[in-house]
Amino acid sequence: MEERREIQSEDRAGIRVNALRKTFQPAGVVACDDVDLDIASGELLVLLGPSGCGKTTTLRCIAGLEKPDNEDAITVCGRNLRGVAPKDRNLAFVFQTTALFPHLNVRRNISFGLDMKKSLGREEIARRVERAAGLLKIDQLLERYPGELSGGQGQRVALGRAMVMEPDAFLLDEPFASLDAKLRVEMRTEIKLIQRQLHTTMIFVTHDQEEALTIGDKIAVMNEGVVQQFDTPHNIYHRPANLFVATFIGSPPINLFTCRVEERGDQVYLVSSLFEAAVPQAYREALRKTGDELKLGLRPEFISIGGVAGHIAGGVELIELMGSRSQVLVDCKGEEIRVQVQGDHNIREGEKVQLSLDLEHGFFFGPDELSLL
Amino acid sequence: MLDPQERKLVILFLLPTSLFMLLLLWLPFIQGIWMSFHMWPFMGEPQWRGLDNYGKFLRADYFWDAIKATAIYCLSTFFQLLVALAAALVMNQPFIPFKSLWRGIMIVSYAMPPVVVGAIWLFLLDPGLGMVPHYLMQFGLMDEPIYWFSDGVWARWIITFVATWTFWPFMFLIILSSLQSIPREYYEVAEMYGANILQRFMVVTLPRIKTAILIVVILRLAFNLAKIEQPFTLTGGGPGYDTSVLSILMYRFAFMSGDFGMAFTVGLFLVAFTAILLLPFGWLYQRSMRRHSL
Amino acid sequence: MAQNYTRVGAFQKIISFAVLGLVLALILIPYAYIIATAFKEPGEVFETRWVPEKISLQAWTDVFEIFAFHQFLFNSLIAGLGSALLAVLISLPGAYIFARKKFRFRETFFYLIVGTLVFPFILLIVPLTIIWIKVGLFNTFLGLWLAFQIFAVPYCVWILRGFFAQLSPHLEEAAMVYGCTQFQAFYKVMVPLAKPVVISVLFLSFLYGWSDFLFSNMLTTGGGPQTASVAIYIATAGGERIEWEMLAVMTLIAGVPPVAVYMLAQKYLSQTFATAV
Chain D
1 MEERREIQSE DRAGIRVNAL RKTFQPAGVV ACDDVDLDIA SGELLVLLGP
51 SGCGKTTTLR CIAGLEKPDN EDAITVCGRN LRGVAPKDRN LAFVFQTTAL
101 FPHLNVRRNI SFGLDMKKSL GREEIARRVE RAAGLLKIDQ LLERYPGELS
151 GGQGQRVALG RAMVMEPDAF LLDEPFASLD AKLRVEMRTE IKLIQRQLHT
201 TMIFVTHDQE EALTIGDKIA VMNEGVVQQF DTPHNIYHRP ANLFVATFIG
251 SPPINLFTCR VEERGDQVYL VSSLFEAAVP QAYREALRKT GDELKLGLRP
301 EFISIGGVAG HIAGGVELIE LMGSRSQVLV DCKGEEIRVQ VQGDHNIREG
351 EKVQLSLDLE HGFFFGPDEL SLL
Chain Y
1 MLDPQERKLV ILFLLPTSLF MLLLLWLPFI QGIWMSFHMW PFMGEPQWRG
51 LDNYGKFLRA DYFWDAIKAT AIYCLSTFFQ LLVALAAALV MNQPFIPFKS
101 LWRGIMIVSY AMPPVVVGAI WLFLLDPGLG MVPHYLMQFG LMDEPIYWFS
151 DGVWARWIIT FVATWTFWPF MFLIILSSLQ SIPREYYEVA EMYGANILQR
201 FMVVTLPRIK TAILIVVILR LAFNLAKIEQ PFTLTGGGPG YDTSVLSILM
251 YRFAFMSGDF GMAFTVGLFL VAFTAILLLP FGWLYQRSMR RHSL
Chain Z
1 MAQNYTRVGA FQKIISFAVL GLVLALILIP YAYIIATAFK EPGEVFETRW
51 VPEKISLQAW TDVFEIFAFH QFLFNSLIAG LGSALLAVLI SLPGAYIFAR
101 KKFRFRETFF YLIVGTLVFP FILLIVPLTI IWIKVGLFNT FLGLWLAFQI
151 FAVPYCVWIL RGFFAQLSPH LEEAAMVYGC TQFQAFYKVM VPLAKPVVIS
201 VLFLSFLYGW SDFLFSNMLT TGGGPQTASV AIYIATAGGE RIEWEMLAVM
251 TLIAGVPPVA VYMLAQKYLS QTFATAV
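If you read the protein sequences in the order shown, they are chains D, Y and Z. Using the working numbering, the first residue of the first sequence is number 1, and each one after it goes up by one. Using the working numbering, the first residue of the second sequence is number 1, and each one after it goes up by one. Using the working numbering, the first residue of the third sequence is number 1, and each one after it goes up by one.
Treat each hint with caution, since some may be false.
Okay, derived cross-link-like pairs now, DSS-like style, lysine-lysine, Cα gap no bigger than 25 Å in a straight line [what the hints assert, rightly or not]:
1. K267/Z to K8/Y
2. K13/Z to K102/Z
3. K352/D to K333/D
4. K188/Z to K117/D
5. K99/Y to K267/Z
6. K134/Z to K195/Z
7. K101/Z to K195/Z
8. K182/D to K218/D
9. K188/Z to K67/D
10. K117/D to K99/Y
11. K99/Y to K67/D
Quick partial rundown of chain Z residues pointing at chain D, CB under 7 Å, derived from the structure [said to hold, decoys possible]:
12. S16
13. F17
14. L20
15. A165
16. S168
17. L171
18. E173
19. M176
20. V177
21. Y178
22. G179
23. V189
24. P192
What the hints contain is simulated information worked out from the structure, not anything from laboratory work. For every residue, glycine included, the Cβ atom is placed at its ideal position computed from N, Cα and C.
Could you build all of it, start to finish, from the sequences and the hints given here?
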């Protein structure tokens, strides 16, 4: 124990995942490939992606529940975990299904890992359980059995079971996926606060991009077993590395336009079937170098309605109120464009409108779907 | 694929189960086949007979007696199913009070050792002093007692009746728990769309308990063929060979004639009979399982 | 049509109660008569009467003093206990593996074992008798216990596997993350978890041993570990006159313990059956 503390303070690297690859036999399905992650101690990393993208497999490899093809891919606190059993990794895992032991009460469930270790005294175990239960507001439930808990309570107990271990890192596999929307938002805030308080490294797997953006210090977006972008939430949202990240992140989703680049004298123009627009000064050089075809991605909040001479003319098809804002679906020559406006607008369904594009905030993707900026 | 530690666990844990099945079931079975080619006495030296046992059994006049007795005895399974299904449907009705008491009473006959139940019916049906013939005559349903242990037709039906009386609760328990696992919503949906009681049974109940029914029919058919306690206690296989279902016949060869080779030959016919009988149900079961898993 | 969705038809009720009444009568009348008989004097057995003229306990003392029935009961008890323990020891690990681990030929292997449930195992009595004599297991409790496993093991594997298969798939993983080895995950988490089903399986295989007639009749001889079932069979088959009042007593004594066990374990057992199917 003492020794490990020392290493930890020396090596602040937290968790390193190095070119992780996992093939499932006998089908030979590659679940994740060349996954590189670097998580600083005390950081909260979110693994985000659609189902089947390899995020859970990555997490399970880190926990030792799956064996990667390259067994030396995982390093935690400077210790390579090749051949180390899950129980000896000093990592705590929280399952989507909670996986609480139905025959043990909440107290015994939380203390399960400490009871197995046998290195702690009875009082110390009780103290840690009480503290975790207090932090998670489940101190009233300690004598209950998992069958008597609600979904949210069950997940709190599972978190408690992880916390008392005082592990090097928490690994959470979609812990809130089966909770209802309101509870999920609550738990999300709470887990972030707890993580800040304990200052323990955490890897959090989710398919919910909103969840990822709100809690992550860093986000790794995955698709088809490959990390698409590993960056801060801000950059993931505002500077997507490729088309997949741009379309996967954002709600309502991003608008995409297929365009051609045309040089007209000094100016560079984007030309599509719907509009022609001059490229802003800052992007001119970057776009000029590429070939003709590219995809423009523009988030709904960067398209505005009104003005006399916008870029595109269209008819309002549908207005959806989303609290303080509204989403307007505009039909332009058969293509649907999503626009986000303030809640106190005076647009009506069926109305003819002009749309202006804020190309300063546009994303540009080449034929290889990578960002050109 | 399993990692080495997991593989070790799998092998270690499967070892006792598979070893026991191998040593207790398959090895003796193969030994038995070897024996069936012999004249094999209880004590003393076996003599090679080749396929004589098979030929002798097929030509013997008791062969058809045994097949007939076995076939009628098998009908018991379907009588059991009828009783079990009726009782389970009733016991699944919400308006029935004291359910666990009734259920407790219903499983009594199954919980008792089969020999005990056989002995009870031997007494109740005794032509001289039994309660059943006494009341049948008193109510004028019967003129004089039937000496059923010397009347092959009656003897066969009586062992079939007693088997039904004894073993239906096994089916009842499984069908009832299967009925209870049907979510209420299914019935509510069916009622919302105007299904009457019969339609609800056909559309909701029956499909959901079909697998359970197939399982109990398969198991009971097989168990009945292998159980000898009751015909043994009631008739001992007689009169003649009239109630000598295949398993009784086998017993008679082994422990009365002391011809173990012949006994196992009969046993192999029992295996064949079981297999042929179970095949269609097994096929249905597999089909319904496949549909469930999809 | 619309108004009948909460109401149970009167017809449905009448039919239901009629079926219930008929079934209960068919069960209770025979047993009631047997109970009455058990308290009759030998001479009164021949008269169909529901209340004995004089309550006699003669038969109850005779079965023990003349017939030494307690010896057979004791044999049944030992046969049942041994059978139950052995069955659980052998089948629990195997059932766990079949339910929770994936490996090649798992299905085939499983059906090879559980499929033997429908095997008419009675025919094995022929080679087993010969083998048991040869290896010295004939006429011993161990020989009986082992023979019972032919039926008990596949039955228990079937039931236990059904239970393990419906548990959350991450339980062992959780155990392993929190400090268990593969093996500890089994005996520290899964076995305690399976307690109710293990108890049911113990009950069922105990009853199987207790009630058995086939093996204990063939694999033993007089003076050996013969069970109560064998004693009752001997009482029905042997001698000139069957002592019906004694037989009634014996059937009650041998029949009541398993019934009591069933009643006590009813809740467990029906849950168990539900998971197995």
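Check each numbered hint against the structure and report the violated ones by number, ascending. 1, 2, 6, 10, 11, 12, 13, 14 and 15
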